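If you read the protein sequences in the order shown, they are chains Z and Y.
According to my numbering, the stretch in the first sequence is residues 1 to 290, in order.
According to my numbering, the stretch in the second sequence is residues 291 to 625, in order.
Hints are computed from structural coordinates only; laboratory data are not their basis.
Every value quoted in this text rests on a predicted model; they were computed, and no experiment measured them.
Heads up, the beta-carbon is just placed ideally off N, CA and C, and yes, glycines get one too.
Do not rely on the hints blindly, as some may be mistaken.
[Unchecked claim] In the BS3-like style, the derived pairs of lysine-lysine whose C-alpha atoms are separated by at most 27 Å in a straight line are:
#: 1; chain 1: Y; residue 1: K443; chain 2: Y; residue 2: K552
#: 2; chain 1: Z; residue 1: K18; chain 2: Y; residue 2: K437
#: 3; chain 1: Y; residue 1: K437; chain 2: Y; residue 2: K552
#: 4; chain 1: Y; residue 1: K552; chain 2: Z; residue 2: K45
[As the list claims (entries may be wrong)] Label-pair distances were calculated between CB atoms; the ranges are:
#: 5; chain 1: Y; residue 1: V441; chain 2: Z; residue 2: L193; range: 37 to 47 Å
#: 6; chain 1: Z; residue 1: F230; chain 2: Y; residue 2: R312; range: 48 to 58 Å
#: 7; chain 1: Y; residue 1: S447; chain 2: Z; residue 2: G142; range: 16 to 26 Å
#: 8; chain 1: Y; residue 1: I367; chain 2: Z; residue 2: L201; range: 22 to 32 Å
#: 9; chain 1: Y; residue 1: L515; chain 2: Z; residue 2: N61; range: 25 to 35 Å
#: 10; chain 1: Y; residue 1: R408; chain 2: Z; residue 2: L193; range: 33 to 43 Å
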Amino acid sequence: MSVTALPRVSPRRRRTDKVMRSLLLVATLIALVPLVFIIYYLLHKGLSAVTSSGFFSTDPNGNFFGNPGGIRSAILGTLEMIALATAISVPVGIAVALYLTEYGKESKFANVIRYFVDVMTGVPSIVFGLFIYIVLVISKIGGAFTGWKGAVAISLLMLPIVIRSSEVVLLLVPSSLREAALALGAPRWRVMLRVVLPTSLSGLVTGSLLAVARGMGETAPLLFTAAGAFALTGNLGAQMNALPIQIYNDIQSPRNAITARAWGAGLTLVALVLIINVIARIASRRSRMA
Amino acid sequence: MEASATTASGGRSLIERSPLSRIPDQVLQWTLTALAAAILILIAYFFIRLIGQSSTAISHFGWGFVFGNDWNPSHLIFRGLPLLVGTVVTSAIALLIGVPVAIGTALFLIEICPRRFRTPMAILVDLLAAVPSVVYGLWGVFVLAPKLLPVEKWFASTFSFIPWIGGGTVTLYNYFIAGLILAIMILPIVSAIAREVISTVPSEHKEAALALGATRWEMIRMAVLPYSRSGITGGAMLGLGRAIGETIAVVLVIGNADVIGKHLFNQGYSLAAVIANEFGEAANTTLYKSALFEAGLVLFILTLIVNIIARWFVSRGTRTRAAGAVMAGVAVDEV
Numbered sequence: 001m002s003v004t005a006l007p008r009v010s011p012r013r014r015r016t017d018k019v020m021r022s023l024l025l026v027a028t029l030i031a032l033v034p035l036v037f038i039i040y041y042l043l044h045k046g047l048s049a050v051t052s053s054g055f056f057s058t059d060p061n062g063n064f065f066g067n068p069g070g071i072r073s074a075i076l077g078t079l080e081m082i083a084l085a086t087a088i089s090v091p092v093g094i095a096v097a098l099y100l101t102e103y104g105k106e107s108k109f110a111n112v113i114r115y116f117v118d119v120m121t122g123v124p125s126i127v128f129g130l131f132i133y134i135v136l137v138i139s140k141i142g143g144a145f146t147g148w149k150g151a152v153a154i155s156l157l158m159l160p161i162v163i164r165s166s167e168v169v170l171l172l173v174p175s176s177l178r179e180a181a182l183a184l185g186a187p188r189w190r191v192m193l194r195v196v197l198p199t200s201l202s203g204l205v206t207g208s209l210l211a212v213a214r215g216m217g218e219t220a221p222l223l224f225t226a227a228g229a230f231a232l233t234g235n236l237g238a239q240m241n242a243l244p245i246q247i248y249n250d251i252q253s254p255r256n257a258i259t260a261r262a263w264g265a266g267l268t269l270v271a272l273v274l275i276i277n278v279i280a281r282i283a284s285r286r287s288r289m290a
Numbered sequence: 291m292e293a294s295a296t297t298a299s300g301g302r303s304l305i306e307r308s309p310l311s312r313i314p315d316q317v318l319q320w321t322l323t324a325l326a327a328a329i330l331i332l333i334a335y336f337f338i339r340l341i342g343q344s345s346t347a348i349s350h351f352g353w354g355f356v357f358g359n360d361w362n363p364s365h366l367i368f369r370g371l372p373l374l375v376g377t378v379v380t381s382a383i384a385l386l387i388g389v390p391v392a393i394g395t396a397l398f399l400i401e402i403c404p405r406r407f408r409t410p411m412a413i414l415v416d417l418l419a420a421v422p423s424v425v426y427g428l429w430g431v432f433v434l435a436p437k438l439l440p441v442e443k444w445f446a447s448t449f450s451f452i453p454w455i456g457g458g459t460v461t462l463y464n465y466f467i468a469g470l471i472l473a474i475m476i477l478p479i480v481s482a483i484a485r486e487v488i489s490t491v492p493s494e495h496k497e498a499a500l501a502l503g504a505t506r507w508e509m510i511r512m513a514v515l516p517y518s519r520s521g522i523t524g525g526a527m528l529g530l531g532r533a534i535g536e537t538i539a540v541v542l543v544i545g546n547a548d549v550i551g552k553h554l555f556n557q558g559y560s561l562a563a564v565i566a567n568e569f570g571e572a573a574n575t576t577l578y579k580s581a582l583f584e585a586g587l588v589l590f591i592l593t594l595i596v597n598i599i600a601r602w603f604v605s606r607g608t609r610t611r612a613a614g615a616v617m618a619g620v621a622v623d624e625v
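One chain only, chain Z, in its complex shape (with noise of 0.2 Å):
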């Protein structure tokens, strides 16, 4: 690097200086501009909606005149789902992470792991869903188009958030503590489920959180594995509703009540995912406390 001594400030110099940071202000206030846009709209335009009777306690009709229902069947989809794609990405995510922690570590397979694990992380969020479709919903597992399909290929798009977000995490537990507990006589299982584990908890949950809060906005690879109904279902062997789809489908309606709706919806959507970034972010802020 080539840093040469600096004459004195010259105005000119000065003046670049003045400029160029102040350019640098107007960037970030300008990053800042479309969220203060979005959440202004979505409050606008979603609250009345929201507000409305029956919101959350109908379920959209696909009539074209008159009322056309709530949203309660989505979020009972999207929750349903989200829990099921949970409950599959976070164990299997952790469990990875602790491969790559405690027995990968640098090995070339190990390194190769971390290698794909990133390239899932780049794979559009809609070939995933077409990986779904092809090897779950053409040959009509259980159903062509169902629930539990749409929360596998959302499992698959929280997978490589969770696996990279805990490494990191357990990579923070002091080798001095594993040590220590491997010293005592407990065998490596027992260090890693009573040490390990315990210690990172709380960065494990907030990186799960996240993916979670990805997991749940996610449209694309929905369309071609859940989607479809409007009528409340529990059953995750069915064709469920979930928000994401609701609001695109709504957009994409001509009736002033149905974009409302869209708005109400994702109103609700912003607001689900914005607590669980909040409870993520009280969680993490536990564990560099701890």
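Chain Y: place on chain Z using the hints.
Just chain Y, lined up with the frame of chain Z:
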């Protein structure tokens, strides 16, 4: 393990574990390893199945699928150049707008912003990543596209002498709107990686520049940017990968016209958008469906290449592990 002084019957050391008690350990190790290996197998399996499903279209159109300019489902002709052009144009717009803002934000937050504002501001920027893409689409359709339409019209007529910009009708949904939404969506990703990379610049480098009399900006230009260039490039590439693959926000605001738009403010299509938009219609036509799978395959390969290059840049520019977490959408300070 070395034999110790006290030896139990059978020649086994007292502190050594019995072979039986080691079984759970080995089971766990093999289970975890198998799970990790399963991920590789899964990705390979998906890839092969995707190729298999696209094979009808591949054998029908060959390279014409990518470079032929005729997407005509009603005549079962699938030459997808309009899709590829749309993907490339919108992603390019996203990079042109999103990356400078993201880098500016990262530089401001790490180098200029007072320390106590840094975390809250960073959280706000990161919040953009938490907004689901369908909500971006919702906002794009009902707010951004209609509000910007007069501005676009004015711009297109004022600068109509620039090729690809003016001279035609400005449609409500177009490449520019799609690119702008993508720019907003990749901003938090690029910014998070740029922040991560910039904060690893050794303070000695920065202090040296300042000690030599550099102003803040000169310090950024001479010490910070050269050091973090490769990492920031990688971050931008990751943003590009995200932009190429983004589906729902784009399908809602690109117009879904199956011809190449004549200019920036004309409607078009993209690889991801065509899959989401036409999948329902294609369900019963083998060739049509296969063509959409091939669009997915092209998308997959495209993002794969971009991400591999990105990863190479990022790992050159920063500690790999932290970068990996950031790539997964988790800023390190969050964990």
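Status of each hint after checking the structure:
| no. | hint | in the structure |
| --- | --- | --- |
| 1 | Y:K443 to Y:K552 | holds (15 Å) |
| 2 | Z:K18 to Y:K437 | violated (33 Å) |
| 3 | Y:K437 to Y:K552 | holds (22 Å) |
| 4 | Y:K552 to Z:K45 | violated (34 Å) |
| 5 | Y:V441 to Z:L193: 37 to 47 Å | violated (59 Å) |
| 6 | Z:F230 to Y:R312: 48 to 58 Å | holds (56 Å) |
| 7 | Y:S447 to Z:G142: 16 to 26 Å | violated (57 Å) |
| 8 | Y:I367 to Z:L201: 22 to 32 Å | violated (57 Å) |
| 9 | Y:L515 to Z:N61: 25 to 35 Å | violated (57 Å) |
| 10 | Y:R408 to Z:L193: 33 to 43 Å | holds (38 Å) |
The structure fails to meet hints 2, 4, 5, 7, 8 and 9 from the earlier list, while all remaining hints are met.
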